[in-house]
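Enquirer: Chains as they are written, first to last, in this note's numbering: chain A, -9 to 82; chain B, 20 to 291.
Hints in this document: simulated from the structure, not taken from any laboratory. On a predicted model such as this, the values are computed, not experimentally measured, just so you know. We treat Cβ as the ideally placed atom computed from N, Cα and C, and that holds for glycine. Any given hint could be a false lead.
To be verified - For each label pair, taking beta carbons as the anchor points, the in silico distance ranges come out as:
#	chain 1	residue 1	chain 2	residue 2	range
1	A	Ile17	B	Gln117	24 to 34 Å
2	A	Phe(-1)	B	Arg258	14 to 24 Å
3	A	Ala53	B	Gly147	38 to 48 Å
Claimed, not checked - Heads up, incomplete: computed chain A residues facing chain B, CB under 10 Å, no partners named:
#	residue
4	Leu(-7)
5	Glu(-6)
6	Val23
7	Met30
8	Cys44
9	Ala76
Stated by the list, open to error - To list a few chain B residues with every Cβ distance to chain A over 12 Å, as calculated:
#	residue
10	Ile73
11	Ser80
12	Lys86
13	Arg88
14	Ala106
15	Ile112
16	His115
17	Val120
18	Leu123
19	Ile144
20	Asp158
21	Met262
22	Asp264
23	Leu275
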Amino acid sequence: MNLEDNTSFVLRYGSLIGVMLVAIGVIMHAVGVGANEEVMIAGIAVIVFTPFACMIISFTTLAVNRERRYAIPALALILITVVGMAAGYYLG
Amino acid sequence: MDSVLIIGLLVLSLIAGLIGSLFGLGGGIIVVPVLTILYGMDARSAMAISLVAIAAISATSASSHIKNRIANVRIGLRLEVGAAAGAVAGAVIALHVQSWVLALCFSGVLIYSAIYMFVRPERIIPPGDNEENSFTYHDKASGKDVGYEVRNINTGTIGFVAAGVTSALSGVGGGSIKIPVMNVHMHIPMKVAAATSSYVIGITAFSGAAVYLLSGVIDVQTAAFVTIGAFVGSVIGVRILTMIDAGKLRRYFSVLLLFLAGVMLLNVGGII
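Build the full structure now, drawing on both the sequences and the hints.
Expert: Structure (structure tokens):
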């Protein structure tokens, strides 16, 4: 498995799908179609969670390739990020 | 929303996306002040939208930089552990240290880095015996493959911890510290440093953006226009980064660092 190909694939399609949903939501809002805000929120959510999906894919690829030198930091990064997010949500 | 305000938002976020993807910065230094001062938005809402913009800029620009093998994903992931830990530490430090003290230190680091990067030529270590830390990227501007060996990874990670602490306390400073750490201290070529920073700033922004999103504090319409503008700006920035001369990029970046330091000092002085 190639780390760069997998990572760029997730980032490319995450950003494209997210922006397309946001744009569709904006057009729906402009023409007065209902549920436009939900579509925009879905697009924003896809964009926000894309880096996290990317971390998961990067870790998986590194683990499958047995690149422990980088797989362990990638796992640590995922754990710190999840803990930080949970702390921010519940304590913030 | 008024059409003039919408056009303003699109232009603002396009500029933020362009600068963000070209230099590997988040663009928060542009988005937050404009939304608070010109659009009358409160700081928390502006910060939330800024984080969404950073995620969009990062994903758009990093996908191209990684596909073109300019960004170094492995080194980025390893260093980002330091920044993530630093961000958590920053939240604790914020309870004990006045934010202006840190902003002052941060400005000093930026000014030093700016002068160093403007005056001293870039020092890239050619790949040597240490194969694990040796990498290559293709520079389209010069048409050459550039090999480099990454040095000082452990102390570089400490530099990223400082970047994490600073960005947690001040809300800016992720990329502006990470790039000098990579380029000056670790001898990573400027284009690789900027591209790698583009990738990791999305990871840094994720936690905060996700919390704001789940808490429902994001102004959806404003965030939508900012996202679209940032996306377009990032696409343009990626094209420029690919074609620009690395030496020029480094000099422009040092000027931008001086600007950021000036903004921070004015902020500390209560002028803006």
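Enquirer: Confirm or reject each hint.
Expert: Here's how the hints hold up against the structure:
1. A:Ile17 / B:Gln117: 24 to 34 Å: About 47 Å separates the Cβ atoms of Ile17 (chain A) and Gln117 (chain B), which means 24 to 34 Å is violated.
2. A:Phe(-1) / B:Arg258: 14 to 24 Å: holds (20 Å)
3. A:Ala53 / B:Gly147: 38 to 48 Å: For Gly147 (chain B) against Ala53 (chain A), whose Cβ atoms are near 29 Å apart, the range 38 to 48 Å is violated.
4. Leu(-7): holds (6 Å)
5. Glu(-6): For Glu(-6) (chain A), the interface hint holds, since the closest Cβ of chain B sits about 5 Å away, which is under 10 Å.
6. Val23: violated (14 Å)
7. Met30: holds (5 Å)
8. Cys44: holds (8 Å)
9. Ala76: With Cβ-Cβ at 9 Å, under 10 Å, it holds.
10. Ile73: violated (9 Å)
11. Ser80: violated (9 Å)
12. Lys86: Lys86 (chain B) not clear of chain A: closest Cβ-Cβ about 4 Å, inside 12 Å.
13. Arg88: violated (6 Å)
14. Ala106: The claim is violated: Ala106 (chain B) sits with its nearest Cβ about 6 Å from chain A, within 12 Å.
15. Ile112: holds (14 Å)
16. His115: It holds; His115 (chain B) is separated from chain A by about 17 Å at its closest Cβ, greater than 12 Å.
17. Val120: holds (23 Å)
18. Leu123: holds (26 Å)
19. Ile144: Ile144 (chain B) is indeed farther than 12 Å from all Cβ atoms of chain A, at 19 Å.
20. Asp158: holds (17 Å)
21. Met262: It holds; Met262 (chain B) is separated from chain A by about 19 Å at its closest Cβ, greater than 12 Å.
22. Asp264: Nearest chain A Cβ is 24 Å from Asp264 (chain B), so the label holds.
23. Leu275: holds (23 Å)
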